[in-house]
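> Here is what each chain is made of, one letter per residue.
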Amino acid sequence: MSGHDHGEDGVSRRKVLECMTWAGTGVLWTITGGVPRSLGIIDSAEAATAAAPGMAFLQISDSHVGFDKPANPNALGTLEEAVNKINAMPTKPSFMIHTGDITHLSKASEFDNADRIISQSKLDVHYVPGEHDFLDEEVKFYRERYGRGTKGAGWYSFDAGGVHFVGLVNVVDLKAGGLGNLGAEQLAWLEDDLRGKSKSTPIVLFAHIPLWTVYPEWGWGTEDGGRALEYVKGFGSVTVLNGHIHQVMQKVEGNLTFHTARSTAFPQPAPGTAPSPGPMKVEDAKLRSMLGVASINFKQNEQRLAIIDTPLQG
Amino acid sequence: MRTLNRRDFGVDLGLTLAAAILLPLTTARAEGTEMEVHIDNFVFQPAELKIKVGTTVTWTNRDDIPHTVVSAGKFRSKALDTDDKFTFTFTDAGDYKYFCSLHPHMTGMIKVE
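Protein chains in written order, with our numbering: chain A, 48 to 361; chain B, 10 to 122.
I should point out that these hints are in silico values taken from the structure, not numbers from a laboratory. The model shown is predicted, which means the values in this text are computed figures rather than measured ones. Glycine is no exception: its CB is placed at the ideal position from the N, C-alpha and C atoms. Some hints could be false.
[What the hints assert, rightly or not] For lysine to aspartate or glutamate, the following EDC-like pairs were computed, each having C-alpha atoms within a straight-line distance of at most 16 angstroms:
1) A:LYS328 <-> B:GLU43
2) B:LYS87 <-> A:GLU184
3) B:LYS87 <-> A:ASP183
4) B:LYS59 <-> B:ASP73
5) B:LYS87 <-> A:ASP220
6) B:LYS87 <-> A:GLU270
7) B:LYS61 <-> B:GLU43
[As the list claims (entries may be wrong)] A partial selection of chain A residues facing chain B, derived with a Cβ cut-off under 8 angstroms:
8) LEU152
9) ALA155
10) ALA223
11) GLY224
12) PRO324
[Claimed, not checked] Partial list, computed: chain B residues near chain A (C-beta under 8 angstroms):
13) PRO75
14) SER86
15) ASP90
16) SER110
17) HIS114
Let the hints inform the model, and build the full structure from the sequences given.
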């Protein structure tokens, strides 16, 4: 599904924030080194009074449709399992973001298959591209499908539930010896996009390659990601959601929360634990515990988002 | 620069020997020479290759992830899937830095003399 409009919408975020009384309900999870840790449970009485709606959305990433190597001979199948998992969730999320590498080789058939499966979620999906989505000769398949209403190589912003979302592209025009790249044009656009926003507006930045430096030896970082983070520094709540590294990783720095999602296709090794970041073959029985999706919940009284990583199995 | 050595031309060159002597030595020796670079574990191997003008280099991707071979303004492969190859013949001397445009930390060098 790509039938959403990335243009400005008429929702006044400030108004939403003024009118809503947000409250935390349920369990707030934080994930450290891939291990979920409960930060606290709000008692049922308090939870019962917390009638104000929050907002929940989903992140899927790195579906690599078309991948058929030993690490997972059926990446389309595990994507479908992920979508089934989403459809079975008790609370229907508002929408989904896909943080890139939809396909493995940017073939038209791979994009078609991905869309056929992902559309079964019946959710609006906001995409950003991964480097695997720009491999076709004319570099047009991704743009034709998902580029409508976007700027440059496919960046855009939108508002939902009082939160300002910014989808960034850091997989084009990469420089030899470097990392992911946003580029001057996109950074200027981002600065402009954030100008005038109330500092109490929660911000979500999402992009394929981590915007923070995870492990430069494997290219896991963004050369000019620090510039983007400068622009959001003054905001009270900033969440950075990425993919690319096919594993859960989280870091919190002041008001900034960084989080990477699992792939739905194949796991990759932890930084430096293998000769390369390539697909990691694990026992068949273990594969689905290393694939999955992420649910992100906003509760306005909580400065941090609650992020729950759900593996396909286990 | 090597000095001219009759043995370098080999017996099979026979009658072409006289013609070959008239050409620069390096050209005569490199014509039709083939070299290989492998991509294994996100690394170009060998990372640096010294070749003569006229040499053809073939890159083979042996990873389970696609890579490219790109030298700005000189050559650019399409995305190479597993076991795909890219070939380029170097007709001009010089240093050719190249990298994988998908994983730019992967870099290599071809020195052509």
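> May I ask you to test the interface hint for A:LEU152 with respect to chain B, counting a Cβ-Cβ separation under 8 angstroms as satisfied?
holds, 6 angstroms
> With a cut-off of 16 angstroms on the C-alpha distance, tell me whether B:LYS87 and A:GLU270 pass.
violated, 24 angstroms
> Closer than 8 angstroms between Cβ atoms is the bar; does B:ASP90 clear it against chain A? Give me holds or violated.
holds, 6 angstroms
> Assess, step by step, whether the Cα of A:LYS328 is no farther than 16 angstroms from the Cα of B:GLU43, and give holds or violated.
Violated, at roughly 34 angstroms.
> Can we keep the A:ALA155 interface hint, with Cβ of chain B closer than 8 angstroms?
With Cβ-Cβ at 14 angstroms, over 8 angstroms, it is violated.
> Regarding the hint that B:PRO75 lies at the interface with chain A, is the smallest CB-CB distance below 8 angstroms?
Hint holds; B:PRO75 Cβ to chain A Cβ min 6 angstroms, cut 8 angstroms.
> How about B:SER86: closest beta carbon in chain A under 8 angstroms, or not?
violated, 11 angstroms
> Hey, does the A:PRO324 contact hint survive, CB to chain B under 8 angstroms?
At 7 angstroms from the nearest chain B Cβ, A:PRO324 passes the 8 angstroms test, so the hint holds.
> Per the CB criterion, is A:GLY224 less than 8 angstroms away from chain B?
holds, 5 angstroms
> Decide if the proposed pair is consistent with the structure: B:LYS61 and B:GLU43, CA atoms, cutoff 16 angstroms inclusive.
The given pair, whose Cα atoms are some 10 angstroms apart, holds under the 16 angstroms limit.
> Hold the hint about B:SER110 up to the distance rule: shortest CB distance to chain A must be less than 8 angstroms.
holds, 6 angstroms
> Please work out if B:LYS59 and B:ASP73 have their alpha carbons no farther apart than 16 angstroms.
violated, 28 angstroms
Comparing the model with each earlier hint shows violations of hints 1, 4, 6, 9, 14; every other hint is respected.
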